[in-house]
Structure formats: C-alpha cells, structure tokens
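> Sequence:
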Amino acid sequence: MARPDDEEGAAVAPGHPLAKGYLPLPRGAPAGKESVEPQNGPKAGTFPVNGAPRDSLAAASGVLGGPQTPLAAEEETQARLLPAGAGAETPGAESTPLPRTALSPRRFVVLLIFSLYSLVNAFQWIQYSIISNVFGGFYGVTLLCIDWLSMVYMVAYVPLIFPATWLLDTRGLRLTALLGSGLNCLGAWIKCGSVQQHLFWVTMLGQCLCSVAQVFILGLPSRIASVWFGPKEVSTACATAVLGNQLGTAVGFLLPPVLVPNTQNDTNLLAYNISTMFYGTSAVATLLFILTAIAFKEKPRYPPSQAQAALQDSPPEEYSYKKSIRNLFKNIPFVLLLITYGIMTGAFYSVSTLLNQMILTYFEGDEVNAGRIGLTLVVAGMVGSVLCGLWLDYTKTYKQTTLIVYILSFIGMVIFTFTLDLGYIIIVFVTGGVLGFFMTGYLPLGFEFAVEITYPESEGTSSGLLNASAQIFGILFTLAQGKLTSDYGPKAGNIFLCVWMFIGIILTALIKSDLRRHNINIGITNVDVKAVPADSPTDQESKTVMLSKQSESAI
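Okay, so the sequence shown: first residue is 1 according to my numbering, each after it adds one.
Worth flagging that the hints you see were computed from the coordinates, not collected in a lab.
One or more of the hints may lead you astray.
[Unchecked claim] 16 Å max Cα-Cα, derived EDC-like pairs, lysine to aspartate or glutamate:
| id | residue 1 | residue 2 |
| --- | --- | --- |
| 1 | Lys491 | Asp421 |
| 2 | Lys232 | Asp393 |
| 3 | Lys483 | Asp147 |
| 4 | Lys396 | Glu233 |
[Claimed, not checked] Computed spacing ranges between beta-carbons, pair by pair:
| id | residue 1 | residue 2 | range |
| --- | --- | --- | --- |
| 5 | Ile506 | Thr419 | 23 to 33 Å |
| 6 | Leu269 | Ala295 | 37 to 47 Å |
| 7 | Asn262 | Trp201 | 19 to 29 Å |
| 8 | Lys323 | Asp366 | 52 to 62 Å |
| 9 | Leu476 | Asn265 | 31 to 41 Å |
| 10 | Lys322 | Phe108 | 28 to 38 Å |
| 11 | Phe418 | Tyr279 | 35 to 45 Å |
Even glycine gets a Cβ: it sits at the ideal position worked out from N, Cα and C.
I would like the entire structure built from these sequences, with the hints used as guidance.
What follows is the structure, given as structure tokens:
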C-alpha cells in the first residue's frame with residue numbers, strides 16, 4: 001500500500017534539505033555578536049529556525065568563504081547566515097540551504113472535511129433555539145429549558161477546553177479531529193431516540209455529547225491553517241475553516257422552521273417531522289466521520305512555511321503545556337484580545353440564541369422569517385469572513401482590520417436595536433445582514449491575530465482560550481439578555497449588548513500589534529536566536545538549531 005502522503009510529492013517546489021550549522025539573524029545584527037551553544041547549554045529548550053534570502057547571501061558568503069546557494073523564490077527571507085561559531089568557519093558550509101517547504105494538494109481535502117463536520121456540529125447547536133416555541137410545546141418545557149439546549153454548548157466548553165487543547169498539542173491534529181467528528185455523530189444518533197414528549201432528557205443527553213464534540217472542533221481552524229497552508233494563504237484558510245461553522249449556523253436557521261413547522265395541534269405529525277430532521281442529521285454526520293477517518297492526515301510531508309518548519313523541528317520533549325498556558329496569560333496583548341474576542345463572540349451567540357424570541361415579539365407567528373433573518377445574518381457574516389481573510393493575507397494589517405470591524409459591528413448592533421420595532425420585516429433583514437457581515441466576519445480575525453501575537457505558542461491553545469472566553473461571555477450575555485428581553489423587551493437586551501461592545505472597542509484599541517509569525521516568515525525576527533552545528537561532514541553528532549523566545553518582548 002502506498003504511503004498516505006506519496007501523492008503530495010508532486011506539489012513540492014524546488015527546495016533543499018534541512019539547514020545545518022547556520023543562524024538566521026535580524027537585519028543589521030553585527031557579525032560575531034551571537035554565541036553558539038549546544039542543546040544542553042544554558043540556552044537550550046527552545047525552537048529551531050532557519051532562513052536565508054537571496055539579497056543577503058552575498059554578504060554571508062564573504063564570511064563563509066564559499067559560493068552562494070541559489071534559493072527558490074518562496075524560500076526567500078530577510079535574514080543573514082553566520083557560521084556556527086563567531087568568526088569561525090564551518091566545514092561543508094558552502095552547501096547549507098533552507099528547510100524544504102512545499103504546499104500539499106491534500107490541504108484542500110483536509111480543510112473541506114473539517115469545514116463540513118464543523119457545519120453539522122453548528123447546525124445541531126442552533127436547531128432547537130430557532131424554533132424554541134415548537135420544541136417547548138412538544139416536550140412541555142419552558143423556553144429557558146430550550147435555551148439551555150443551546151447554552152450547554154457554552155457550558156461544556158469552559159471546563160473541557162484545557163484537556164482538549166492538551167490533547168491537540170500532545171497527541172496531534174488527526175486524533176482531535178476524529179474525536180470531534182465521532183462525538184458529533186454519536187450525539188446526533190442519540191437524539192433520534194428522543195422523539196417522544198417525555199424524553200426531553202434524552203435530547204439533552206445527545207446535545208451534551210454534541211457540545212463535547214464542539215470542544216474538539218472550535219480550536220482547529222488556526223491549527224489546520226498553520227500546519228497545512230502557506231504564508232500567503234493561511235488567513236484565508238483559517239477564515240474558510242471558520243466559514244464551515246458559520247454555514248452550519250446558517251443552515252440551522254434555515255432548515256428547522258421548514259422541516260418542523262408549527263403543527264402542535266397534530267402531535268404525531270410534529271414527532272414525524274422532528275424525527276426526519278434528526279435522522280437526516282445523523283446520516284450526514286456518520287458519512288463525515290467515515291471521511292475523517294479515511295482522509296484526514298496529521299500534517300503534510302513537507303512544512304508549508306519557514307515558521308512551521310521551525311516549530312516542527314523542535315524536539316517534542318521540550319514542549320510544556322503548562323508553561324505555554326502561563327506564557328499566554330503573561331502576554332498582555334493576548335489577554336486584552338481574550339476579553340474583546342469573548343465580548344464580540346459572546347454577543348453573537350446571545351443574539352443567535354434569542355433571535356427567535358426577539359423576532360416573534362414584533363412579528364407574531366413568523367417563525368419562518370425568523371429563521372430567514374438568522375440565515376441572512378450568518379450568510380452575510382460568511383462573506384465578511386472570507387473578505388477579511390483575503391484582506392489579512394494581502395495586507396497583514398491585523399490590529400487595524402480587527403479594530404475597524406469591531407467598530408462597524410458596534411454600529412450595526414445599534415442600528416439593529418433601534419430599527420427592530422419599526423414593524424417592517426424587510427428592514428430587519430437588511431440590518432441583520434449588516435450586523436452579521438461584521439460581527440460574524442470578526443471571528444477568523446480574532447483567531448489569526450492571536451496566532452500572530454503569541455507565536456510560537458500553540459495555535460490550538462490560543463484558539464481554545466479565545467473560544468473559552470467566548471463561551472463564558474456567551475452564557476452570561478444569553479442569561480442577562482434573555483432576562484431583560486422577557487422583562488423589558490428586546491430593545492433593553494440589545495442595548496445591554498451595545499454597551500459591552502463599546503467597551504470591547506476601547507480594549508481592542510489598547511492591543512499592541514507584534515506580528516511574530518509574520519516576522520519569522522519574512523526573516524525579520526524580534527526573538528533571540530541561537531544555532532549549533534548539526535550533522536556536518538566532520539561532526540555526525542546530532543544537534544539542533546535553536547530559537548529561544550524573547551521574554552515577552554511585545555508587552
């Protein structure tokens with residue numbers, strides 16, 4: 001049987017074996033100022049990095065005393081090469097190249113499969129809330145109980161995020177994907193056995209399993225983008241991965257009102273319609289679990305970028321999950337982003353959960369249009385996500401884009417709040433679309449901005465913490481807005497969210513932008529770098545090129 005990644009060789013651009021014995025330095029760093037230390041020296045325990053641009057090889061060759069090494073265009077960086085010892089010559093230095101990088105065609109298959117099972121998970125999150133009155137009548141429970149079918153996703157995420165990100169960092173991408181897809185499938189099948197009026201607890205059990213599956217799903221977009229996609233497409237890939245979850249929410253707004261119309265005067269017909277929706281969801285989830293098991297791979301044969309090559313070469317025993325968590329919470333820009341992302345995404349979760357109740361307050365009996373407004377909100381957000389991802393890949397203006405989108409989301413929320421009660425459903429469609437374009441479009445921005453300012457910490461850990469913050473704010477906002485909506489009307493609940501989003505704008509403006517991953521990819525690094533000889537022709541002792549992070553240089 002052929003190796004799983006054999007087909008990826010066709011996509012490998014002209015490259016070179018791993019670099020040996022050289023050190024990339026920031027432009028302008030004086031020669032001879034960097035010391036070389038072995039792995040067991042005082043500077044060990046860090047990450048490897050390699051890089052050399054075409055425009056700096058001339059200067060480097062004077063030091064090395066050898067000819068220049070031609071590099072492929074995609075392998076250019078803006079660093080200089082120095083020999084492994086200050087002022088010393090390294091045997092075999094003339095043939096030292098960069099790590100080989102290549103883009104695998106399989107990356108699109110991995111991205112598609114993940115997006116689809118993420119879609120099904122998001123569909124199961126919102127399928128109850130958008131027809132909350134129908135399910136409440138069928139099971140004979142209060143609207144708050146139906147709201148908890150949505151909020152259980154948020155509650156489950158918070159305590160499980162740390163073991164889930166630990167599993168992702170230590171056991172890898174494939175196992176995490178299988179758990180997410182598998183639990184999603186199992187939860188869907190359990191719901192199929194809950195289509196009786198006294199079995200609300202069974203449907204809650206199935207929803208709980210789907211909520212656990214979500215823990216293994218939401219943190220993967222930035223990891224998949226970083227591990228499988230190149231520097232010029234990583235933000236677009238992350239946005240596309242988030243897009244699957246958003247599309248699932250959109251389908252969850254659209255299909256349940258159509259598949260399960262309000263026929264509470266005919267309980268048998270209602271049970272049949274609910275059963276049809278549950279079995280259809282289970283069939284799709286099962287197919288996607290099988291595809292995940294067959295086609296979802298851990299990583300490509302060659303790393304897609306220099307930043308990813310540096311991380312993949314790091315000895316696994318040097319990684320500490322607890323230390324990574326501590327580093328993230330010491331990173332002030334990340335802590336600010338953690339709060340602002342939680343506010344924005346929590347507000348989106350709250351609006352999505354309570355949308356049906358808000359719409360039916362002013363447009364009684366209009367469940368189908370409530371679903372369509374939710375669809376408009378999310379589809380507009382999907383367009384916003386893709387455009388923001390493309391914009392980031394083109395400009396790398398992470399903070400500016402994040403701040404602008406945050407401000408526009410706030411403006412959209414204000415407009416939505418004060419036009420909801422005008423009595424014109426078309427206005428609600430338009431304002432909902434504007435709100436969704438910016439609010440949902442913000443989600444991949446937060447992921448990618450976090451990866452940039454926390455590199456080389458794990459993408460899964462930073463994304464997981466962002467999502468945990470979103471779930472906490474989502475629970476609090478949903479409970480508070482739900483109470484305000486039931487007691488004082490939808491406008492009071494929406495004004496509550498507007499106040500918090502304004503606070504989020506202020507905190508976003510305070511975030512310091514330090515694009516560490518981008519700087520590594522182009523060779524302008526603000527981290528301390530060390531190097532040792534590795535398998536030179538005269539020294540076969542195994543050694544590693546080391547990169548140690550500068551102690552919180554961004555704070």
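> Are there hints from earlier that the structure breaks, and if so, what are their numbers?
Per hint list: zero violations.
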